[in-house]
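Colleague: As a plain string of letters, each chain reads:
2 protein chains.
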Amino acid sequence: MTEQDKEITALSFDLLSNVRVVMVNTTLPGNIGSAARAMKTMGLSDLVLVDPKKPINDEAVARSSGATDILEAARQVATLDEAVEDCSLVIGTSARSRSIPWPLLNPRQCAERTILTSKRQKVAIVFGREDRGLTNEELAKCQAHVHIPTNPDYSSLNIASAIQVICYELRMAVESEVNPSPEFWGVDWDKELASAQEIDGFINHLETVMVESEFLDPENPRYVMTRLRRLFNRSLPDKVEINVLRGILSSISRKMKS
Amino acid sequence: MTEQDKEITALSFDLLSNVRVVMVNTTLPGNIGSAARAMKTMGLSDLVLVDPKKPINDEAVARSSGATDILEAARQVATLDEAVEDCSLVIGTSARSRSIPWPLLNPRQCAERTILTSKRQKVAIVFGREDRGLTNEELAKCQAHVHIPTNPDYSSLNIASAIQVICYELRMAVESEVNPSPEFWGVDWDKELASAQEIDGFINHLETVMVESEFLDPENPRYVMTRLRRLFNRSLPDKVEINVLRGILSSISRKMKS
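Keeping their order, the protein sequence lines are chains W and H.
For the first sequence, the residue numbers in UniProt numbering are 1 to 258.
For the second sequence, the residue numbers in UniProt numbering are 1 to 258.
Hints listed in this document are in silico derivations from the structure and should not be mistaken for laboratory results.
There could be a bad hint or two in this list.
Because identical chains cannot be distinguished in the list, a pair is counted as satisfied if it fits within a single copy or across any two copies.
Claimed, not checked - Cross-link-like lysine-lysine pairs, in silico, DSS-like; alpha carbons within 25 Å at most:
1. LYS239 with LYS257
2. LYS191 with LYS239
3. LYS239 with LYS53
4. LYS53 with LYS6
5. LYS54 with LYS257
6. LYS239 with LYS141
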C-alpha cells in the first residue's frame, strides 16, 4: 500500500464509518448480498435492513462475494424511523418527479453533503423497494433526495447498482480530500519526464537520421518536422524513453554509414 | 419528459452512441446480461464480446431485465484487436499497479476524455475477466487505463458494477454539458422562493404571536429570535410556505384573543 493509499484508508474510515446504507422492504436476498459487496468495495460497512421480505440466505451470502462481515453485522429493524433515529442527515433515493418537489441532489452532491456531515455525525442513505422505490411518506422523512441520472426511456437501475454508484461517489469524495486534482497523465509515473531540451535534442537527432536516410530533403522539409515534434511533445516522454529512442537512432545511423 | 430531459436525451445519443463497451473473455453469461442493463440505464447501446467462455443464455436475458435489445445487437468477435479496430480511443480498465505505468484516469476523467472524442470518433472501454481482469498484453493495446477507486483491503468489484460506474460517469458528463452546475436546493422547485421582505414579515408576525402567547418576554428576548431567523432563512422558504405559516399565525392569534 502506498503512503497515499494509507492516507485514503484512514480518511475513508473516519468519513465513511458514519455513513449508513438503509434498504427498505427488499424483496430479493440476493440484492442484499450484492449491496454488501458494493458497499465493502467502496469502504462502507453499516447496513440496516428495514422489514426485508425474506431474511439473509445462501443466495445473499453467495452474492456478497466475501463481504459476509457486512451481512453478519447488518441490523434488521421494523420501521424506517428506527433505522435512522440516530442520524443527523437522511437522504432518500428517488426518481425525479414528485408532486411536492424536495431538495434534490445528484450522486456527486449527495457525496459532498454526506462527508461534510459524516465527519461528526451519522448519515443515512435510504434505498427503496426493487419495483417501486420509497413511498412518498418515506421520502418525506428525508432532508434531501438523491436522484441517479438515467436514460429517460429505460431507467431500470438495479438496486445494488444504485448503491454501487452512490458509494462510488462517496469514495471519490474521500479520495479528492486527499488528492484534490489528480493529473490526467504521469500520475505515479516511474521515471522522471524528459526536459524540453532533451526532447529537442532527440528531435534534432531524428531529423539528422531522416536526412541521412534520404527520407527528408533538407532543402524542402515542409511540415514533417513540425508534425513529428507535435507527436512526441504530446506524449510527454520520460527520460528513459528519450534515451531508448536516441539509442535506436544512433544504431541506425551507424548501420547506415557502415 | 421535460425540455431539459429532451436535450439530454438528444445529446446523450450524439455522444454515447459512439462509445463501445468491450467485455473480454467473460465467464458468466449472467454478468453479460447485468452489463447490458447497466449500459442501457445510462444510454449506451454498443456491446462487443471478445471470446466469451459461454454464449448469451437465459440467465443473461433474465439479468438484462428488459435490455434484450442490447444483447441481441451485441457482436461477438475472437480477439480484442477485432473489437477495437475502428476505435480512435481505447481505454482499458485496470487495477492500480503495473510494472510499466500507463496514463491512468479515474472514471470521471475517463468520461471527460471519452466524450471529447466520441463527438466525432468511436471510443472503446475494455473490461477484463471476472477473476483477473485484462492481461498486460491487452492493457498495452490501450491508449490509457482507467482505475475505479476501491477499498485497498477489499477491491472485489463485480464486473457489471464496474461497467455501471463507468457508464454512470459518462451520463454525468453528458448531463453536465447541458446543465453545468446544478443547484443544491430549489432545482425544478414548483413555487417561487420567498423574498427577504416576505421572510422578514413572517418572522415579525411570529414574534408578535410569541409575545401574545407569553412565550417571549419582549423585555428580555435573548437570542431566541435570532435562532428562529436563522432556521427559517436556512430553509429557503417559498412564497406558498410563508403564506401557510402566516395563515397559521393569524388563526392562532384570533383564537388567543377570542
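Colleague: If a hint holds in the structure, say so; if it doesn't, say that too.
Modeller: Hint-by-hint comparison with the structure:
1. LYS239 with LYS257: neither (27 Å within a copy, 87 Å between copies)
2. LYS191 with LYS239: within (7 Å within a copy, 61 Å between copies)
3. LYS239 with LYS53: neither (61 Å within a copy, 42 Å between copies)
4. LYS53 with LYS6: Classified as neither: same-chain Cα gap 39 Å, cross-chain 37 Å, threshold 25 Å.
5. LYS54 with LYS257: For LYS54 and LYS257, neither the intra-copy (81 Å) nor the inter-copy (57 Å) Cα distance is at most 25 Å.
6. LYS239 with LYS141: between (59 Å within a copy, 22 Å between copies)
In summary, the structure is inconsistent with hints 1, 3, 4 and 5 from the numbered list given earlier, while agreeing with the others.
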